[in-house]
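K.L.:
So the sequence lines, in the order shown, correspond to chains A and B. So the first sequence is residues 0 to 347, counted in numbering that gives the first Met the number 0. So the second sequence is residues 0 to 418, counted in numbering that gives the first Met the number 0.
Since the hints were derived computationally from the structure, they do not count as laboratory data. Be a bit skeptical, because a hint or two may be false.
Unchecked claim - Within a straight-line C-alpha distance of at most 27 Å, the following computed BS3-like cross-link-like pairs (lysine-lysine) qualify:
| hint | chain 1 | residue 1 | chain 2 | residue 2 |
| --- | --- | --- | --- | --- |
| 1 | A | Lys315 | A | Lys155 |
| 2 | A | Lys285 | A | Lys222 |
| 3 | B | Lys345 | A | Lys346 |
| 4 | B | Lys214 | B | Lys169 |
| 5 | A | Lys280 | B | Lys387 |
| 6 | A | Lys3 | B | Lys395 |
| 7 | B | Lys214 | A | Lys315 |
| 8 | B | Lys203 | B | Lys67 |
| 9 | B | Lys268 | A | Lys1 |
| 10 | A | Lys315 | A | Lys341 |
| 11 | B | Lys395 | A | Lys308 |
| 12 | B | Lys264 | A | Lys285 |
| 13 | B | Lys252 | A | Lys346 |
| 14 | B | Lys56 | A | Lys280 |
| 15 | B | Lys67 | A | Lys285 |
| 16 | A | Lys280 | B | Lys345 |
| 17 | A | Lys285 | B | Lys169 |
| 18 | A | Lys346 | B | Lys255 |
| 19 | A | Lys1 | B | Lys255 |
| 20 | B | Lys56 | A | Lys1 |
| 21 | B | Lys255 | B | Lys45 |
| 22 | A | Lys226 | A | Lys280 |
| 23 | B | Lys387 | B | Lys268 |
| 24 | B | Lys255 | B | Lys56 |
| 25 | A | Lys308 | B | Lys169 |
| 26 | B | Lys169 | B | Lys154 |
| 27 | B | Lys207 | A | Lys4 |
| 28 | B | Lys56 | A | Lys285 |
| 29 | B | Lys169 | A | Lys169 |
| 30 | A | Lys285 | A | Lys4 |
| 31 | A | Lys341 | B | Lys271 |
| 32 | B | Lys214 | A | Lys346 |
| 33 | B | Lys385 | A | Lys1 |
| 34 | A | Lys340 | A | Lys1 |
| 35 | B | Lys271 | B | Lys154 |
Here the structure is a predicted model, which means the values were calculated and not measured.
Listed below, chain by chain, are the residues.
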Amino acid sequence: MKIKKLSISRRILQVLFLIVIIYGAYIFKGGVIDKPNEPPAQSEAKGLFPALKPSKGSLSSEQFKKGSILWPSGDMPVFENYPPSLVCRFNPKGGLFKACIVHLVSENLTWRTNIRYLLPHITLFILLCFLFGRMWCGWVCPIGSVGDFLTWLRRKMNIPVKRFPVLMRKGLRTSSYGIMTLTFSISAFIGIPNYARFQCYWFLPYCQICPARLICPLFGFIKPNWKDFSTAVSAGFTILAWILLGLFIAAFYWGRRVWCHLCPIGLMNSWFNRGSGVELKKDAIKCNKCGSCADSCPMGLTEMYEADKNIIYNDKHCIMCMRCVDVCPRDSCLSVNFFGKKLFESKY
Amino acid sequence: MDRDNARYMKDEYLKIIKTYLGQLQTAHTPDISPAIQRYTQNSNLKSLSFFYDTLLKRSTFLDYGIPKKPIVGYFCNLVPEEVIYAAGAVGVRLCSSDDVCARLGEEIIPGDFCSMIKSSCGALFTRRYDNLDLVVVPAACDGKLKLAEVLSPFKEVYFLDFPRDSDYLKNAEIWTQKYSQFAEFLRKRYNARVNREDLLNACKLTNKRTDIFRKIYSLRASHPGIINAFDYFAIASASFVCEANIWSAYAEKLYKEAQYLAGNKPDFKGKKILLAGSSIIFPNYKILDILNELGCDISADTTCSAYGRMYDPVEIDEDTQDGILRALSLKYIAASMCPCFLGIDKLIDRIVEIFREHSLNGIIYHNLRLCQVFEMQSFALRHILKDKGLPFLFIKTDLSKEDTGQIKTRIEAFLEMMR
Ligand code: SF4
Ligand code: SF4
Ligand code: SF4
Chain A
0 MKIKKLSISR
10 RILQVLFLIV
20 IIYGAYIFKG
30 GVIDKPNEPP
40 AQSEAKGLFP
50 ALKPSKGSLS
60 SEQFKKGSIL
70 WPSGDMPVFE
80 NYPPSLVCRF
90 NPKGGLFKAC
100 IVHLVSENLT
110 WRTNIRYLLP
120 HITLFILLCF
130 LFGRMWCGWV
140 CPIGSVGDFL
150 TWLRRKMNIP
160 VKRFPVLMRK
170 GLRTSSYGIM
180 TLTFSISAFI
190 GIPNYARFQC
200 YWFLPYCQIC
210 PARLICPLFG
220 FIKPNWKDFS
230 TAVSAGFTIL
240 AWILLGLFIA
250 AFYWGRRVWC
260 HLCPIGLMNS
270 WFNRGSGVEL
280 KKDAIKCNKC
290 GSCADSCPMG
300 LTEMYEADKN
310 IIYNDKHCIM
320 CMRCVDVCPR
330 DSCLSVNFFG
340 KKLFESKY
Chain B
0 MDRDNARYMK
10 DEYLKIIKTY
20 LGQLQTAHTP
30 DISPAIQRYT
40 QNSNLKSLSF
50 FYDTLLKRST
60 FLDYGIPKKP
70 IVGYFCNLVP
80 EEVIYAAGAV
90 GVRLCSSDDV
100 CARLGEEIIP
110 GDFCSMIKSS
120 CGALFTRRYD
130 NLDLVVVPAA
140 CDGKLKLAEV
150 LSPFKEVYFL
160 DFPRDSDYLK
170 NAEIWTQKYS
180 QFAEFLRKRY
190 NARVNREDLL
200 NACKLTNKRT
210 DIFRKIYSLR
220 ASHPGIINAF
230 DYFAIASASF
240 VCEANIWSAY
250 AEKLYKEAQY
260 LAGNKPDFKG
270 KKILLAGSSI
280 IFPNYKILDI
290 LNELGCDISA
300 DTTCSAYGRM
310 YDPVEIDEDT
320 QDGILRALSL
330 KYIAASMCPC
340 FLGIDKLIDR
350 IVEIFREHSL
360 NGIIYHNLRL
370 CQVFEMQSFA
380 LRHILKDKGL
390 PFLFIKTDLS
400 KEDTGQIKTR
410 IEAFLEMMR
């Protein structure tokens with residue numbers, strides 16, 4: 000049987016990125032630094048990637064206290080950057096990067112940060128998306144990697160995959176818009192000075208329910224704050240987080256990357272997927288309509304199979320895992336291109 | 000058929016077989032040794048003898064030695080051989096194109112029916128298949144469907160049914176289900192596990208075979224004449240009755256030998272033809288004979304006895320038991336170019352691709368007479384291929400030798416036209 004080169008390299012890279020992103024802080028900082036997240040002085044907000052900070056007076060540091068839902072978040076990351084995949088602020092010891100894009104947007108909506116300071120971060124995000132598209136999802140995202148590990152486990156245990164119907168996939172994708180809109184509008188709302196009193200409980204609403212919040216600290220052998228029933232709001236968030244974590248595990252365990260239909264970070268990447276540097280091509284005459292590409296697609300995309308004409312494919316929902324290219328049994332039927340240059344093609 | 004009818008029919012069959020076998024010289028009909036002698040004369044490769052030996056040996060008796068494994072026969076290219084292997088049995092493809100058998104089959108099946116069905120039915124009545132344990136008949140065409148019923152008093156038959164739209168999106172679920180049922184049946188019958196590991200191992204065997212077949216296929220296409228068409232189809236036919244691993248081992252040897260010869264082979268002068276359409280199975284070499292006489296080589300084919308049977312691999316993504324069965328259904332059904340399925344585009348694409356890739360000279364579409372499905376799609380094929388500027392010839396014939404002269408004239412005219 001053929002060696003699936005792309006899948007193997009993807010696995011290796013996923014593990015490497017997982018290690019680097021999660022444990023990078025240990026390596027690059029030369030050990031553990033226990034530095035509490037003191038709000039940096041306004042003057043520090045300079046340089047190419049300024050450390051973003053709460054604007055004066057708008058935010059109490061209540062919610063970062065031990066025992067609150069957004070704890071632990073104490074350590075500073077190595078780089079103050081926001082790459083386009085789920086790089087979590089709850090990484091042990093601050094992690095290599097700051098946080099994910101949803102975090103960036105929602106926290107700064109609340110802080111009402113000057114766009115000037117945000118611009119470098121957003122430019123970097125768009126540039127990285129433009130270069131690699133959603134490869135960040137398929138190849139880098141630690142949460143995707145954890146999920147792929149669960150999928151691997153399922154296969155080893157010989158449990159057949161559940162293929163969710165198209166309607167459900169569509170529903171999940173639509174919900175991801177809902178989650179994102181809700182997150183951002185809540186964040187913007189509590190940024191209004193008159194409503195600043197809500198900030199203690201409603202700050203970073205998506206982070207409070209994101210499964211990564213519960214999973215990432217585990218890598219550093221830190222117990223995540225898995226329950227906080229101090230107030231009605233945090234109790235609600237706790238329960239929602241449990242539900243979402245359950246969904247997350249179930250989704251990865253029975254299906255493949257079902258979570259990624261729902262993920263707002265993936266959603267934000269997906270806007271830049273079309274037209275990105277990495278693209279898939281299909282040479283239609285070589286296709287024998289075996290359906291292997293559609294069958295193996297973790298996002299349940301079938302356009303590759305359906306296309307009767309030569310196409311350039313980078314659909315919004317395609318996470319660029321390139322599994323389809325890897326399984327296609329026809330020589331040079333599907334190929335991976337980087338700015339028009341063929342990098343890899345399907346091979347028997 | 001209910002039990003009384005079946006018993007009655009079996010007696011009838013036995014009577015026919017008795018009278019018929021009496022007319023033939025050997026007990027093991029049909030005798031293919033003259034044909035083998037004739038075609039081995041042309042071949043220059045030593046390793047070929049294994050394939051001809053296999054054909055000869057297994058056409059007299061299907062004997063798979065000790066330890067005795069059950070032998071499961073199947074028709075067509077739609078039955079997952081891997082599942083049979085995984086059940087610890089040996090798969091034998093029963094499709095036959097022997098004229099003698101066809102005449103025996105005609106005693107039971109009406110004369111104006113596809114000669115392949117007649118021949119396959121007749122072949123089953125010869126002594127060759129005495130130790131066959133089970134016959135698996137897929138729902139390919141109507142002929143196969145009814146053949147399952149005709150054979151059922153005589154042999155244990157498993158009918159493998161599935162929808163005949165080869166669209167993956169619509170039917171993959173059902174195919175997988177049908178294949179699982181088949182696996183379950185074999186599991187019970189042979190007390191086998193047929194689990195993930197067994198299936199994976201079986202897939203490895205057939206993928207190995209695919210591997211070597213592809214090598215031979217491309218070697219032939221790039222060096223026409225290095226393995227002539229007779230030998231090529233004999234090799235393919237030998238795979239019907241030979242275990243995949245043994246076949247691959249010998250084919251590997253053959254490939255090495257041919258590759259060695261390919262280095263100092265003079266350029267081929269004649270026309271390179273792509274043979275599409277009905278299968279070419281060993282003794283039915285009429286078309287090949289004619290083309291050989293006219294100095295052409297069949298450099299490539301899309302028939303289900305050679306290319307269609309062994310070119311496509313199993314591509315396993317989900318390596319769970321269900322996933323493997325699903326992958327098998329994709330290989331056998333979704334990718335199938337059999338005219339019994341909807342979806343002629345695949346065939347057109349394949350023909351055009353192969354034609355251009357190996358810069359061939361013409362396409363001959365071989366249609367076994369009375370096979371409606373092949374014939375019905377020939378009209379579309381002819382016009383579409385003509386539109387793309389590929390020379391196309393449609394030939395309708397059967398297993399008998401009567402129309403040889405006539406076909407020869409037509410092919411000659413076709414070759415003349417290509418010049
Ligand atoms: S969509 Fe999936 S892979 Fe992409 S960021 Fe979200 S969790 Fe990670
Ligand atoms: S279309 Fe291909 S690259 Fe995109 S998600 Fe599906 S399998 Fe992966
Ligand atoms: S895997 Fe390749 S050959 Fe099969 S349907 Fe997809 S593109 Fe076509």
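K.L.:
Hint numbers the structure violates, sorted upward?
P.N.:
Hints 1, 2, 4, 6, 7, 9, 11, 12, 14, 15, 20, 22, 26, 28, 31, 33 and 35 not satisfied by this model.
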